[in-house]
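Let the hints inform the model, and build the full structure from the sequences given.
2 protein chains.
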Amino acid sequence: MKTTRIAIIGFGVIGRGFAEVLLRKKKYLRELGVDLRVVAICEVDGSLVNEGGINLEEALKGGSGKKRDWTPLKAVDVIKKHKPDIVLELTPGNIKNGEPGLGHIITALSNGINVVTSNKAPLALQFYELMNLARKNNVVLGFEATVGGAMPVINLYQSTLRINRIRSIYGILNGTSNFVLSKMEEEAISLDDAVKEAQELGIAESNPGYDIDGIDTAAKVTILANSLMNKRVSFKDIKIKGIREITPKAIELARKHGYSIKLIGDIKNLEVSPRLVVKGDPLDVSGSLNAIMLDTDIAGEITIVGRGAGAIETASSLLSDVLEIAR
Amino acid sequence: MKTTRIAIIGFGVIGRGFAEVLLRKKKYLRELGVDLRVVAICEVDGSLVNEGGINLEEALKGGSGKKRDWTPLKAVDVIKKHKPDIVLELTPGNIKNGEPGLGHIITALSNGINVVTSNKAPLALQFYELMNLARKNNVVLGFEATVGGAMPVINLYQSTLRINRIRSIYGILNGTSNFVLSKMEEEAISLDDAVKEAQELGIAESNPGYDIDGIDTAAKVTILANSLMNKRVSFKDIKIKGIREITPKAIELARKHGYSIKLIGDIKNLEVSPRLVVKGDPLDVSGSLNAIMLDTDIAGEITIVGRGAGAIETASSLLSDVLEIAR
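So the protein sequences, as listed, match chains A and B. Take the first sequence: its letter number 89 is residue 100 in the numbering used here, and every next letter is one higher. Take the second sequence: its letter number 119 is residue 130 in the numbering used here, and every next letter is one higher.
It should be emphasised that the hints constitute simulated quantities derived from the structure, not laboratory data. Hints are supplied without guarantee of correctness; some may be wrong.
The list treats identical chains as interchangeable, and a pair is accepted whether it falls inside one copy or across any two copies.
What the hints assert, rightly or not - Listed below are the simulated DMTMM-like cross-link pairs for lysine to aspartate or glutamate, each with C-alpha atoms no more than 20 Å apart in a straight line: (1) K290 <-> E198; (2) K267 <-> E196; (3) K38 <-> D308; (4) K290 <-> E196; (5) K267 <-> E198; (6) K13 <-> E42; (7) K242 <-> E42; (8) K37 <-> D308; (9) K290 <-> E197.
Following this line, the structure appears as structure tokens:
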């Protein structure tokens with residue numbers, strides 16, 4: 012069994028979720044004939060490095076392992092020095108310049124190292140350039156986890172629907188704003204109250220703008236437009252309108268006529284905006300669910316619905332990409 | 012470019028849909044580096060055989076090609092004599108004994124020939140035996156098209172969610188009965204009237220029992236139970252209750268309390284029965300749509316929604332299996 016050496020960059024919610032799932036699935040991975048070994052975990056202030064394999068249980072506890080194998084090396088230095096087989100880039104993205112993830116990804120790809128990432132910003136800003144860099148260096152840049160959390164929409168298309176031409180893609184790509192809109196409808200409350208409720212449940216951040224102003228959705232629209240519809244566009248090409256102006260009155264009026272108001276990413280038209288969705292339509296999902304509809308020329312409309320976020324759920328998509336490379 | 016030689020057995024709605032899609036996608040298939048050549052089309056009373064490749068345009072017209080290349084050879088003889096690379100078994104299935112498809116599939120697999128099929132009956136009766144036969148002969152038996160028409164649920168799991176253990180699977184697996192139930196709710200009409208409407212639209216057959224009595228759903232439950240949940244069961248192990256006894260009153264009562272009545276295939280519990288589904292749930296899809304929900308341990312609940320039938324749509328699933336083999 013060949014060992015695949017992994018460096019995890021960013022050990023926040025997503026990184027820890029990935030480590031947890033690796034532990035949970037240890038036995039099953041061996042049955043699949045895959046040996047994944049985490050040789051580095053890089054954080055902002057230094058890295059844990061152990062070529063024999065980091066003890067993930069201890070790392071998750073933040074325990075003694077940290078002291079013993081701790082080095083002040085930064086992520087880019089770890090990449091260049093240790094040359095893992097796969098870099099897992101899981102830092103939070105900055106949509107203005109894509110850093111620090113962009114630098115990590117470029118360093119890895121340039122050094123002939125595969126990358127798997129959940130970080131939207133670098134791809135939303137430089138999709139084409141990064142894919143080209145991967146191709147040139149004959150490595151893979153896996154990004155299933157950047158869109159739709161656990162929903163394998165990109166690999167679904169690549170591996171099972173490729174004979175289809177995609178005519179358009181629409182989606183509810185942000186669970187937080189969908190939760191807010193659903194709450195507004197169910198409880199007839201204002202946007203502010205619904206956001207507050209989402210914040211109390213840990214679904215919305217203290218500054219909810221990234222979600223409810225449509226920024227997050229737009230980043231995902233960019234990635235889907237490039238990867239599934241062959242458009243060469245960047246984040247700045249997306250027309251964005253969030254849900255701040257949606258009133259309980261507008262939602263009630265829509266409901267009376269048989270519609271829900273949803274924040275829709277329209278990939279074909281490069282647009283994010285609140286739209287009416289007919290009740291009973293596959294896109295009419297409530298709570299923090301995401302839904303993506305591919306309108307194809309042969310298979311017709313295929314919709315996939317699932318949890319768009321969550322550390323454990325996202326690990327499913329990360330692992331799907333990792334396994335593809337490891338085999 | 013390697014040529015893949017295909018024999019199509021059964022040239023009814025599904026077979027013709029496949030041929031049509033092959034014609035439509037000719038150029039794209041070449042771009043993918045795949046050369047598919049139909050060398051035989053077998054019908055009940057004989058076969059069209061042409062090793063140079065059958066002219067599909069003429070075959071679809073039922074034109075002169077039929078006379079020139081026509082032979083009285085039966086499908087099993089064509090399989091043994093011409094040894095195509097892939098047999099496409101597309102005859103209508105008989106759920107009592109699986110014939111004639113079962114014989115075709117066994118003949119092909121035993122002769123070391125790959126099979127791709129949309130025929131539920133043989134798999135619902137002898138899934139394990141057929142898979143074993145394929146394995147022994149080192150060939151593939153592709154059956155994506157047997158469940159959910161265009162929805163690539165089996166390949167979705169196999170290729171992108173395999174790290175997940177499936178806890179349960181529920182689905183609306185029969186478009187006709189879903190259409191009937193939706194009509195009953197929307198128009199407050201009786202089952203008989205809704206069935207009549209479905210028949211007029213070509214959605215239900217003159218004898219609708221196969222669909223509304225849950226037989227078709229049960230066949231699909233069997234296939235999903237074997238393929239995705241590792242159960243070793245046959246069609247006769249499924250507890251079946253169809254929708255004949257559903258009244259407009261029951262539907263109205265459910266609606267008032269926020270539910271729809273749907274014919275659900277419950278794969279974990281090997282059961283087909285009408286059940287209540289909460290409005291707004293991903294499984295609450297109307298019309299002739301199908302929906303399948305996989306409850307997984309890592310990715311959570313993933314639902315896929317799409318057209319469960321249709322000749323062109325089914326061709327998408329058939330081609331997905333064919334391409335997997337051809338490459």
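Taking the hints in turn, this is what the structure says about them:
In the homo-oligomer, the alpha carbons of K290 and E198 lie at most 20 Å apart both inside one protomer (17 Å) and across protomers (16 Å), since each shortest distance falls under that limit. Proximity of K267 to E196 under the C-alpha cut-off of 20 Å is found in both arrangements, the shortest distances being 11 Å within a copy and 18 Å between copies. In this assembly of identical chains, the alpha carbons of K38 and D308 lie at most 20 Å apart only when taken from different copies (15 Å versus 41 Å within one copy). Taking the shortest Cα distances, K290 and E196 sit within 20 Å of each other both inside one copy (13 Å) and across copies (14 Å).
Taking CA atoms no more than 20 Å apart as the test, K267 paired with E198 passes in both settings, with 15 Å inside one copy and 18 Å between copies. Proximity of K13 to E42 under the C-alpha cut-off of 20 Å is restricted to the intra-copy arrangement: shortest distance 13 Å within a copy versus 33 Å between copies. Taking identical chains as interchangeable, the C-alpha atoms of K242 and E42 lie at most 20 Å apart only when they sit on different chains, with a minimum of 19 Å there against 39 Å within one chain. Taking identical chains as interchangeable, the C-alpha atoms of K37 and D308 lie at most 20 Å apart only when they sit on different chains, with a minimum of 14 Å there against 40 Å within one chain.
In this assembly of identical chains, K290 and E197 lie within 20 Å of each other by CA distance both inside one copy and across copies; the values are 14 Å within and 12 Å between.
Violation of the numbered hints given earlier is absent; every hint is satisfied by the structure.
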